[in-house]
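*Asks:* Sequence:
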Amino acid sequence: MITDPGFYNDPAYAAQSVPPEDAPPPAGDGAGAGIDTVPRAGIDTVPRAGIARVGDPVAVWPCAGCGRPVPQPVRGARTVRYCQDTGGACERAAHEQRERAREAPGLTGQVAWTWEMVERLEAVADRLAGSLVSELGVAGVERRVADARADAAGQVAVAQRERDASQRQAEAAWRETATARARADAAEEEAAAARADAEQAAADRDEARREGREAKDTADAAVAAQLAAERERDRIASREGELLAALETARTELVGLHGRLSEAETVVEGQRIEADAARRAADDLRAAVRDAETQRGQAVADRDQIQARARETEERNWDLSRANEELRAAVQTLTAERDAARAEADRARRRVDALTRLADPPPDGRRAVDREPPTGLHPLPPLNGSSVNGSGRGGSSLDGTDPLAVNGHRLPHAG
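Number 42 in this note's numbering belongs to position 42 of the sequence shown; there are no gaps in the numbering.
Hints should not be assumed to be uniformly reliable.
What the hints assert, rightly or not - SDA-like cross-link-like pairs, simulated, lysine to any residue; straight-line CA separation at most 20 Å:
| id | residue 1 | residue 2 |
| --- | --- | --- |
| 1 | K216 | Q200 |
| 2 | K216 | A228 |
| 3 | K216 | T108 |
| 4 | K216 | A329 |
| 5 | K216 | E119 |
| 6 | K216 | Q307 |
| 7 | K216 | R233 |
| 8 | K216 | D206 |
| 9 | K216 | D204 |
| 10 | K216 | A198 |
What the hints contain is simulated information worked out from the structure, not anything from laboratory work.
Everything numeric in this text was worked out from a predicted model, so none of it was measured.
Make a model of the complete structure from these sequences and hints.
*Replies:* Listed below in structure tokens is the structure:
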């Protein structure tokens with residue numbers, strides 16, 4: 001079965017099998033003439049483009065339903081879109097899928113409608129091609145020629161009538177062929193429009209893909225923004241928890257402050273009472289201060305009198321001190337004179353003693369040695385006129401007497 005519309009547009013077939021529109025129908029007077037008018041040469045010379053020869057490459061196309069590879073006819077025949085060994089299951093599944101997709105909004109529904117229109121056009125083209133092949137195909141024409149020849153050999157009269165009928169049928173066939181050609185042209189135009197729609201649909205699909213990518217980018221940005229918003233929400237939630245804790249702490253502190261305020265009010269009330277008492281005490285103290293001021297004035301007067309007396313006493317003390325200094329100077333002068341007199345007396349005594357020892361030699365005939373040390377305590381003659389060696393309470397240091405017991409004086413240079 002030939003389903004290639006290009007077969008009917010082949011120039012050889014158009015030149016041999018289709019007469020011009022203004023050409024008269026073929027005429028003849030015999031069965032042979034009528035039979036000879038059948039364009040056998042044109043039909044026999046038409047190449048059978050829809051049939052693949054052995055060794056020719058066979059193209060494949062993925063099934064629109066399941067995706068398996070489907071062998072395709074050669075030389076531009078209509079593409080077989082579905083598997084031929086599943087009983088039409090793939091075609092039914094694809095048709096149901098398109099029916100569901102047609103209800104979808106946007107580009108998906110438009111593409112489904114476009115494919116539905118393309119399949120309808122292909123179905124119309126298949127029916128038209130089938131009718132044309134069944135009426136004007138090589139097998140049909142040969143069958144008719146064989147029948148005509150058999151009938152012409154058996155019944156010439158019937159062949160004549162059949163010739164006339166064949167002529168009428170041929171005219172009707174030409175008219176039908178012209179109509180079919182017009183329909184085919186219209187179908188080609190519709191197919192071209194469908195292809196244009198498909199191209200537009202492809203452009204729309206590309207645009208939709210671009211918009212989808214943009215929408216995906218926008219969605220990614222929205223997801224990123226959502227993640228940032230969630231992080232900000234978590235931060236705000238944690239901050240809210242901190243603020244609630246701080247608020248609870250502030251509430252607790254406020255309760256404590258209220259308690260301390262009550263205590264402070266109590267303390268202030270007590271301090272007010274104490275201030276009243278202090279005010280009264282201050283009044284009493286002012287009165288006492290006034291009394292003290294009076295007493296202070298009296299004390300100042302007494303102090304002035306005491307200071308006057310003290311000044312007088314100080315003047316007397318100064319006079320006494322000056323007299324005491326004068327007495328001290330006189331005592332020092334007298335003491336110096338006394339010491340000088342004692343030294344002079346000591347020297348005179350030593351000279352007397354020396355002269356006495358020289359004048360009276362000792363009984364043993366030895367020379368007397370002056371046992372009086374040059375310094376220290378020296379015996380002095382008593383003030384009451386006793387002898388030098390004296391008797392009674394003691395004598396000099398030379399004869400064992402204590403000089404302090406004699407006069408009680410010490411020389412100035414004594415040790």
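*Asks:* Of all the hints numbered above, which does this structure not satisfy? Sort the numbers upward.
*Replies:* 1, 4, 5, 6, 7 and 10
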